[in-house]
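Enquirer: Could you put together the complete structure from these sequences and hints?
In order, the protein sequence lines correspond to chains C and Y.
Per the numbering used here, the first sequence starts with residue 789, numbered consecutively.
Per the numbering used here, the second sequence starts with residue 789, numbered consecutively.
Simulated from the structure, these hints should not be mistaken for lab results.
Note that the coordinates shown come from a computational prediction; the quantities given were computed from them, not determined experimentally.
Don't take every hint at face value.
The list treats identical chains as interchangeable, and a pair is accepted whether it falls inside one copy or across any two copies.
As the list claims (entries may be wrong) - SDA-like, lysine to any residue: derived pairs with alpha carbons at most 20 Å apart:
#1 K1234 with R1197
#2 K1135 with R1162
#3 K1234 with D971
#4 K1234 with R968
#5 K1234 with G959
Below are the chains, spelled out letter by letter.
Protein chains: 2
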Amino acid sequence: MTAHPDAAVLDRLRQAVGPAGVLESPADTEPFRTSVGATFRGAAALVLRPASTQEVAEVVRLCAEARIPIVPQAGNTGLAGGAQPDGSGAAVILSVDRMRKVRAVDVANDTLTVEAGVTLAEVQAEAERVNRLFPLTLASEGSCRIGGNLATNAGGTQVLRYGNMRALALGLEVVLPDGRIWDGLRGLRKDNAGYDLKQLFIGSEGTLGIITAAVLRLFPRPRAIATAFAAIPDPAAAIALLGQAKARLGDSLSAFELMRAPSLTHAIAAVPGLVSPFVEAYPWVLLIEASAQEGGESLAAGLETLLGEGLEDGLILDAVIAASGAQRRNLWALREAQAEAQAHAGKGVKHDISVPVSAIPAFVERADAALATRFPGILPFTFGHVGDGNLHYNPVMPADWTEEQRRARAGEINRIVHDVVADLGGSISAEHGLGQLRVAEAEHYKSAVELDLMRAVKAALDPHGLMNPGKVLRAR
Amino acid sequence: MTAHPDAAVLDRLRQAVGPAGVLESPADTEPFRTSVGATFRGAAALVLRPASTQEVAEVVRLCAEARIPIVPQAGNTGLAGGAQPDGSGAAVILSVDRMRKVRAVDVANDTLTVEAGVTLAEVQAEAERVNRLFPLTLASEGSCRIGGNLATNAGGTQVLRYGNMRALALGLEVVLPDGRIWDGLRGLRKDNAGYDLKQLFIGSEGTLGIITAAVLRLFPRPRAIATAFAAIPDPAAAIALLGQAKARLGDSLSAFELMRAPSLTHAIAAVPGLVSPFVEAYPWVLLIEASAQEGGESLAAGLETLLGEGLEDGLILDAVIAASGAQRRNLWALREAQAEAQAHAGKGVKHDISVPVSAIPAFVERADAALATRFPGILPFTFGHVGDGNLHYNPVMPADWTEEQRRARAGEINRIVHDVVADLGGSISAEHGLGQLRVAEAEHYKSAVELDLMRAVKAALDPHGLMNPGKVLRAR
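Expert: Take a look at the structure:
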């Protein structure tokens, strides 16, 4: 068990980062101790904000020596409480938000080496500066930071074409739980000289070490882009169209996003300036986008043919192609306003699930039916990256439920939805990670063998269990 | 230390796989104990060929109990001795070559679930049967097997566009060193519910467990393809052209292969039916290929413009675009004949290196110069996947060297070449793995922290060191 740090250790920690790197008063530490929307809140002995890898290493070394738990944090935009300590005050928060250097740009290698505290938007801008694309695209891109994107293996709307964060990183620098620095900052497309250690740290939510820098992949900037909305009768039509879109557009297909109709109405009501592209209300809507380096006309023609054939087949009820940048931005704004739309519709219970793409229709049908049977009046509310088999399935509570009722029933609702997911071979956390939110739920669904393997890896790298304790997996 | 297995244990192992699954006589086990080209040769107590995951698990459980080392094997086409035991005869070889089932095809999910003994060519054919592409392409595709492709994170000529084997697998089934089965056969594009355990096993060359089945990603089949040869003055021109090709062709760019001129002459001399596309002899040649679902005309036009501009700039000395399938096959045959060309040119010393793409010209220049200084008369011989920063840099010995001299100097030649690689931030094994061939060399170049991390992972999963001992890393 870990004790509260004593005064002498706290002093050495303060010295390790200097006065500019320490926050202590409850008011100053509040933004670090609290998650977005204040869903998660914890206590911390100190918030430490080292400005360099060496300072991170020194902090971790001191904490390891004194057995002080560390909660690593980057942009603190996570939705699963992965960056919040527990309430004991025994832990320190180590934020990489002052590590903001772009260390190297290698245009001919299509790589960018940045420190963990650089925001995603800054990485995107840095790539654009050298006429390249960094494709990761998230709602929180202005404030989330690369260290957190890596620690959570972030996803978003461009995964269909470019993969998630794991696919976008070639090398890492990591401070290990004993304070040593692992320099794995290689910018190589191929490297089979031993275990691919970076894979351990990507997606492990700070439980195995602290990522301090990374070599990121850059891509050519698409010059041609074609964007459409397609109203469809049901998720089965979405999957059929996805197959046709892949066959026709191949790698050009860069986004394939699904929304449920009520959410469009709520988005328009919630966010000023949004306009529906359709006069009628349809049950489901797809946002389809394709992009390429050249051949804008054939891209648009391909998308048009896809939509035309879909209309003939009855897979599509109505469709619009953006005829201008403004129209395209409006379509994306409707997609991006789904969180606001949901808040407008009422309080919900969130899920971040994935299933095989082919199982999406079965998932929606079965989860809808199971919830409607158990909780009549619950409003299905769903959007997400259907091209990746990933839906944010966030049913909104009936208006007559109190907040207490919602909280009391949330666990049961989770279980109903996740039972369907498990039965279809899916995941209960597609892109948000487990954090502290879904640890117990993951234990429920994972096999004993898988949990043992995870614990073996954790024990091998962090034998004292000091790195982000209680996240991803719990001590036995 | 491991002892030779006693007779009772061997009997239980025989029973675990049945008579059809055991080979014992030296003649019968010879093909399993010996690598391609007989570079590596070992001894084995038995060769066991289980027909199912349950049988693999039973064999591994018995071996774990009796502390018998296991050397896993699939197609036995590796070039680094990763599938050969040592000479002691203490180990058993466990071949998955009888595990040949295609377990599932999910066309709408673009996935194929196969057992580890299915050959790469069979996977390619299965994909084609459902109008999909499995992109991994290797010289040994007719005989290498998926279990080996996964265990070595195989590369090849399509990595530029589709990634290596790690990027092509969504899920694994693995028999762990204690004989338990980990069922991670998920067909999900996104799954952040805990550590991504499959990453541990991919590329770890059978040292952490035995992969028995996998869920593989399928892709749309390109319908349009454009292939060219471009003669260039030097590797710097290749890298400049690569940047232009990416900007112009984007994801359509699917191969970007470099060859050194003498190798073309030798290929034509060695392989009947090959024809040079050029009248003149040029110092370096590129094979460039682009493919797409549609837009064959714009693809060909894009490639033509690329080559035309390169000729104007002086980056290209001469170029041909394949005007027919036969011409395209001839260009690829010239690329694929590089191994034969090398044998024709004389005995060499092989390297499978990668550096950042931007460092390719510096690598060639510095490695050439260092070798020429130390060993005048050595013939530079190089080909490879320059788009991935991966070269097979295999200098051919002067004609007056004896085989003994070649062998005696091979270590020094390796060290000269690998010192340049290390200095440029590269890898001494880009795609072939470490096997037993490059274990000592990897220890020389890797940091103590990295070796410790690798050993910690190994000890956590295989505490008795029974899985493919001596490969990838050695016991301390």
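Enquirer: Confirm or reject each hint.
Expert: Against the structure, the hints come out as follows:
1. K1234 with R1197: Intra 23 Å, inter 53 Å, cutoff 20 Å: neither.
2. K1135 with R1162: The answer is within: 18 Å in one copy meets 20 Å, while 74 Å across copies does not.
3. K1234 with D971: Between. Shortest inter-copy distance 10 Å satisfies the 20 Å Cα cut-off; intra-copy 33 Å does not.
4. K1234 with R968: Intra 32 Å, inter 15 Å, cutoff 20 Å: inter-copy only.
5. K1234 with G959: Intra 29 Å, inter 15 Å, cutoff 20 Å: inter-copy only.
Hint compliance for this structure: hint 1 alone is broken.
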